Amino acid sequence: MPFLNAFQPPAPLPEEEYHLETPPEEYDLNACYPLPEEAALRTDGVKLVPIIPSLHGRALYTLFSRHPQGYKYLPFDLPPTFGGFLTYLEARRREPGTLLFTVFDLGLEFEDGEEGEERGERVAGIVGILKSMPENRMTEIGHLHIPAPFQRTHVLTHSIALLLNWLLNPPPSAHASLRNSTLPSTPGLGLRRVQWFADARNGPSIAAAQRLGFTIETTTMRWDRVLPPAKDGVALPESVKGEWRAEEEKRGGGRHSAVLGLGWDDWLEGGGREKVRALVEDRPVLKRKAKDVEGLLP
826 MPFLNAFQPP APLPEEEYHL ETPPEEYDLN ACYPLPEEAA LRTDGVKLVP
876 IIPSLHGRAL YTLFSRHPQG YKYLPFDLPP TFGGFLTYLE ARRREPGTLL
926 FTVFDLGLEF EDGEEGEERG ERVAGIVGIL KSMPENRMTE IGHLHIPAPF
976 QRTHVLTHSI ALLLNWLLNP PPSAHASLRN STLPSTPGLG LRRVQWFADA
1026 RNGPSIAAAQ RLGFTIETTT MRWDRVLPPA KDGVALPESV KGEWRAEEEK
1076 RGGGRHSAVL GLGWDDWLEG GGREKVRALV EDRPVLKRKA KDVEGLLP
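Going from the sequence shown to the numbering used here is simple: count from 1 and add 825.
Keep in mind that the hints are not guaranteed to be accurate.
As a list, the in silico DSSO-like pairs of lysine-lysine whose alpha-carbon atoms are at most 30 Å apart [what the hints assert, rightly or not]:
| hint | residue 1 | residue 2 |
| --- | --- | --- |
| 1 | K956 | K897 |
| 2 | K1056 | K1066 |
| 3 | K897 | K1066 |
| 4 | K1100 | K1075 |
| 5 | K1116 | K897 |
| 6 | K897 | K1112 |
| 7 | K1116 | K1100 |
| 8 | K1114 | K956 |
| 9 | K1066 | K956 |
| 10 | K956 | K1112 |
| 11 | K897 | K1114 |
| 12 | K956 | K1116 |
| 13 | K956 | K1100 |
Here are the in silico distance ranges between beta carbons for each label pair [stated by the list, open to error]:
| hint | residue 1 | residue 2 | range |
| --- | --- | --- | --- |
| 14 | R1036 | L1061 | 33 to 39 Å |
| 15 | K897 | E1063 | 37 to 43 Å |
| 16 | E934 | E1063 | 22 to 28 Å |
| 17 | R1113 | K897 | 22 to 28 Å |
| 18 | E1106 | R1076 | 42 to 48 Å |
| 19 | K1066 | K1114 | 19 to 25 Å |
| 20 | E850 | E1063 | 28 to 34 Å |
| 21 | K897 | E942 | 44 to 50 Å |
Treat the hints as calculated values from the structure; they're not laboratory data. All values derive from a computational prediction rather than experimental measurement. Every residue, glycine too, gets a C-beta built ideally from N, C-alpha and C.
Kindly generate the complete structure, drawing on both the sequences and the hints.
Below, the structure is given as structure tokens:
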């Protein structure tokens, strides 16, 4: 008896300048988790704002185009066109488990006296979450891309600290019921797990996760994903030959990944929250004159 399987893979999203003209108040983030209050997405060093293409799309694409080396370990490349970049953002928006934020560096100082927190020169990259599963109370830190002008500063530490506080701090119900002075002042989602995947060759990313309290769970998750053909991936096994090999080469090489995790017990009972707070306090905001920083947006 033949078995019925009517599955059809979804068609690729056609390249368009999605939501370039959509007003911010009409842009649906389509996120499976509720967003934090605006005040919970700011330190004295950074501000996180959910990506809205009409506000941030051009600035992000210009910044990433100037610093393409930042894509070395990412499992995708910068699209060659602005429309392709907006299509990438739209594909992520259509995934309810993904939510991306524009990072603004509040440490920059400007000679014109205009110190607006969201002026274009402050755009420092993207951080976000992906693969969220509300039924399992978990998510993954990902799509991290902080280009060279903002590396080795406070930007990444402060940005990830904000995400972790949102994701792992106890929810409002804990504050309402326990009235416990040891609870953090800002409620969060109270998730059970936050994970961090990195290319197994990307030592700086793995070290950054460990510094932020994540524990290595797997040093090498073999063949975790397929990389685009242009990427420097893990070579195909020699046993893959002939027509099969040609098919796989079109798909691309592979990636082995390191997997790190941070649980709610680590955060609430194991000193994780205090460690991240100390990192933010010990990583002073790097004050820089914007005119002296190479590679900023004009």
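Structure-inconsistent hints, enumerated in ascending order: The structure breaks hints 4, 7, 8, 9, 10, 12, 15, 16, 19, 20 and 21; every other hint is satisfied.
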